[in-house]
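Student: Taken in order, these protein sequences are the chains called A and B.
Counting from 11, one number per residue, gives the positions in the first sequence under the numbering used here.
Counting from 11, one number per residue, gives the positions in the second sequence under the numbering used here.
Warning: the hint list may mix true and false statements.
Identical copies look the same in the list; a pair holds intra-copy or inter-copy alike.
List of simulated lysine-lysine pairs, DSS-like, C-alpha gap at most 30 Å [as the list claims (entries may be wrong)]:
1. K42 / K252
2. K42 / K58
3. K335 / K348
4. K304 / K335
5. K335 / K230
6. K348 / K328
7. K348 / K252
8. K304 / K42
9. K328 / K290
10. K230 / K177
11. K290 / K177
12. K348 / K177
13. K348 / K58
14. K177 / K101
15. K177 / K328
16. K101 / K230
17. K101 / K304
18. K252 / K58
19. K335 / K290
20. K177 / K252
21. K348 / K230
22. K101 / K271
23. K328 / K230
24. K101 / K58
These are calculated hints, taken from the structure and not from any lab test.
Treat the numbers as computed from the prediction; the structure is a model and nothing was measured.
So you can see what is in the structure, the chains are spelled out below.
Number of protein chains: 2
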Amino acid sequence: MEKQKEGKRNASVENEALGEKAMFACGSQSIKFPVPVFIRESACVVGKKEGEGPLGELFDVVGEDDLFGCNTWEEAESSLQRDALHLAVQKAGLHTTDIRYMFAGDLLGQGIATSFGLSQFDKPLFGLYGACSTCGLSLSLGAMTICGGFAEYVACVTSSHFASAEKEFRFPLGYGNQRPLSATWTVTGSGAFVLSNSGEEAKAAITGITPGKIVDFGLKDSMNMGACMAPAAADTVYQNLKDFGRRPEDYDRIITGDLGKVGQRALLDLLLERDVDIAKQHMDCGIEIYDGEKQDTHAGGSGCGCSAVVLSAYVLQKIAEGTWKRVLFVPTGALLSKTSFNEGQNVPGIAHGVVLEHL
Amino acid sequence: MEKQKEGKRNASVENEALGEKAMFACGSQSIKFPVPVFIRESACVVGKKEGEGPLGELFDVVGEDDLFGCNTWEEAESSLQRDALHLAVQKAGLHTTDIRYMFAGDLLGQGIATSFGLSQFDKPLFGLYGACSTCGLSLSLGAMTICGGFAEYVACVTSSHFASAEKEFRFPLGYGNQRPLSATWTVTGSGAFVLSNSGEEAKAAITGITPGKIVDFGLKDSMNMGACMAPAAADTVYQNLKDFGRRPEDYDRIITGDLGKVGQRALLDLLLERDVDIAKQHMDCGIEIYDGEKQDTHAGGSGCGCSAVVLSAYVLQKIAEGTWKRVLFVPTGALLSKTSFNEGQNVPGIAHGVVLEHL
């Protein structure tokens, strides 16, 4: 610490450094918040198919038509973000002017669903890209911002849309391409979360995070993204347990974003190889959101919107009512683009862990 | 800080809020760091054309061939990020294992230059997208992370590549399309910065930030991005001066990212309309990096890499030696994709301000 105090400065820089080094770093990769950050409210808007799934009754708004009154799929996705955030702010009893910063992203190239969805809020935007892990990324950075004393309220918003994602990553819907059983179905939906430094009327607390690394097992199949993402999910879950000194049973649920059925098996196997058994705690938002057999969604749901809407509609409810006391929420992302795929690159994964607790 | 240490938990959550509300919020949009965060070191790698420009002698590494020994433009861009970060860490006298988190992004769809460039560092990644403003975005979040006590060292990395950007936003080079004089030339380069909570041997201090809003003046010309971004730059500069209670002359330089000559004029005019004259302080990285007439780069340089490499090679040097005591660094981004452009959407802008000071 002595060395930190040496520096000389000009007038406006105070001649003093941070009191302690990375006080809130936890283990090699995680952060333990000294006081919790609160998820005050959330809201979600989903498409027709999601409304017909097993969680259909829980979503705040279900669209009748996936264009949501817009002219293009991309505009429709923007409207999802706009509507979800407006609703979350309203449910929180706040005004949009109360939000200091927005942390948001989506799956589209250059994040256009976010840029065009959130511009009218007239608030500073931290644009993010973490593929389908973006919900975890936004909650992590939002919580760090609140905990650091930089804002009183921030908004974390993510979205995906089946039609815009198919066009972005695979083929436009009109092409009618076939999908193997390992493929997932991109969720049409957006979840918005209002984070606050006050626990008053909050739904859950964020007590820690485990930001994820890029994990590349050399897989290349963009039609089996669950398998591509499972190694990253395993890495983040393992690291979270290690950093916080916890066992799987210290969590009521360990919830991944969109591994689907194929990825779930890979995740459980990979962790078992490291002597960690999360079979009892594991749940996957992609598996929960659709009835795979009836809805022909194959391995499950995917997309930034998948974990965001399931967190908003289902997981937060379970935590708020106390059914689950502590949850590890781990949205999972596959890091590819049409270009990287066509150039023969691997599909690495990334997963960001967020510890959510009952108040 | 006392309050942060008290805490009782239900099981583990302290049902108590942060001692003070957003202590370090400054004005309506900015953050004033209670103690500065330091840019300990930086490094930059650029392409052949950048090496031939007026700042050529200052860059750490100049490539002989813009493929940098890779098979594709995208891989070449990834290699720029990898090399810049390795070099920055080495120049800082650190090891890559000292870096706790990486904040990085690029212009390509789904940020693939970043994903494939930084995976081997095996550190948690916060993936960002702010178009050409991403350098400001990464420095802002990195500084918040250090100041919040969440890490001792973080890395902030951004890149762009002329050939991968032309392919991503306009046409592959082989198409040989014509460029109007208002167009800018995407810089091939990457800048990497190592941020620290210790001022020892540091090059500059980050004392505050002004995260930017999306500003949309309804412009649609992707061949005149300077004009599209100027309103956002004007908004961020104006807000920074207001939030910190400063006048333009309180800065030795106000440095935008890549407005180019057309955007510079728009910026100065827009601020004059609000009675702010920054003509004496203004500098634009896009104008500095090329000799527009000799190098046929039209309005100037652009891309995430533009502001990053000029900051690393030139601006930080001026601050370190004390020629400039305080600088407002404002990377500027145009929020469009090929899809949004083809669908007739506007090209909104965003600009993130970072206050840099001499130690």
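Student: Hint by hint, note whether the structure agrees.
Tutor: Each hint tested on the structure:
Taking identical chains as interchangeable, the C-alpha atoms of K42 and K252 lie at most 30 Å apart only when both belong to the same chain, with a minimum of 13 Å there against 35 Å between chains. Proximity of K42 to K58 under the C-alpha cut-off of 30 Å is found in neither arrangement, the shortest distances being 39 Å within a copy and 45 Å between copies. In this assembly of identical chains, K335 and K348 lie within 30 Å of each other by CA distance neither inside one copy nor across copies; the values are 40 Å within and 45 Å between. In this assembly of identical chains, the alpha carbons of K304 and K335 never lie at most 30 Å apart, being 32 Å within a copy and 66 Å across copies at closest.
For a Cα distance limit of 30 Å, the shortest separation of K335 from K230 qualifies neither inside one copy, at 38 Å, nor across copies, at 50 Å. Taking the closest pair of Cα atoms, K348 and K328 never come within 30 Å of each other, the shortest separation being 37 Å inside a single copy and 41 Å across copies. Taking the shortest alpha-carbon separations for K348 and K252, neither the intra-copy value of 35 Å nor the inter-copy value of 43 Å comes in at or below 30 Å. In this homomeric assembly, K304 and K42 never come within 30 Å of each other (Cα to Cα): the closest approach is 42 Å inside a single copy and 54 Å across copies.
Within a single copy, K328 and K290 get their C-alpha atoms as close as 17 Å, which meets the 30 Å cut-off; across copies the closest is 58 Å, which misses it. Taking CA atoms no more than 30 Å apart as the test, K230 paired with K177 passes in both settings, with 19 Å inside one copy and 23 Å between copies. Proximity of K290 to K177 under the C-alpha cut-off of 30 Å is found in neither arrangement, the shortest distances being 37 Å within a copy and 47 Å between copies. With identical chains, the CA atoms of K348 and K177 are at most 30 Å apart both within one copy (10 Å) and between copies (13 Å).
Taking the shortest Cα distances, K348 and K58 sit within 30 Å of each other both inside one copy (27 Å) and across copies (28 Å). In this assembly of identical chains, the alpha carbons of K177 and K101 never lie at most 30 Å apart, being 33 Å within a copy and 43 Å across copies at closest. For a Cα distance limit of 30 Å, the shortest separation of K177 from K328 qualifies neither inside one copy, at 35 Å, nor across copies, at 47 Å. Taking CA atoms no more than 30 Å apart as the test, K101 paired with K230 passes in neither setting, with 42 Å inside one copy and 36 Å between copies.
In this assembly of identical chains, the alpha carbons of K101 and K304 never lie at most 30 Å apart, being 33 Å within a copy and 58 Å across copies at closest. Taking the shortest Cα distances, K252 and K58 never come within 30 Å of each other, neither inside one copy (41 Å) nor across copies (46 Å). In this homomeric assembly, K335 and K290 come within 30 Å of each other (Cα to Cα) only inside a single copy, at 15 Å, whereas the closest approach across copies is 58 Å. For a Cα distance limit of 30 Å, the shortest separation of K177 from K252 qualifies neither inside one copy, at 40 Å, nor across copies, at 43 Å.
In this assembly of identical chains, the alpha carbons of K348 and K230 lie at most 30 Å apart whether taken from the same copy (12 Å) or from different copies (25 Å). For a Cα distance limit of 30 Å, the shortest separation of K101 from K271 qualifies neither inside one copy, at 34 Å, nor across copies, at 46 Å. Taking the closest pair of Cα atoms, K328 and K230 never come within 30 Å of each other, the shortest separation being 36 Å inside a single copy and 46 Å across copies. Only within a single protomer do K101 and K58 lie at most 30 Å apart by alpha-carbon distance; the minimum there is 22 Å, versus 54 Å between protomers.
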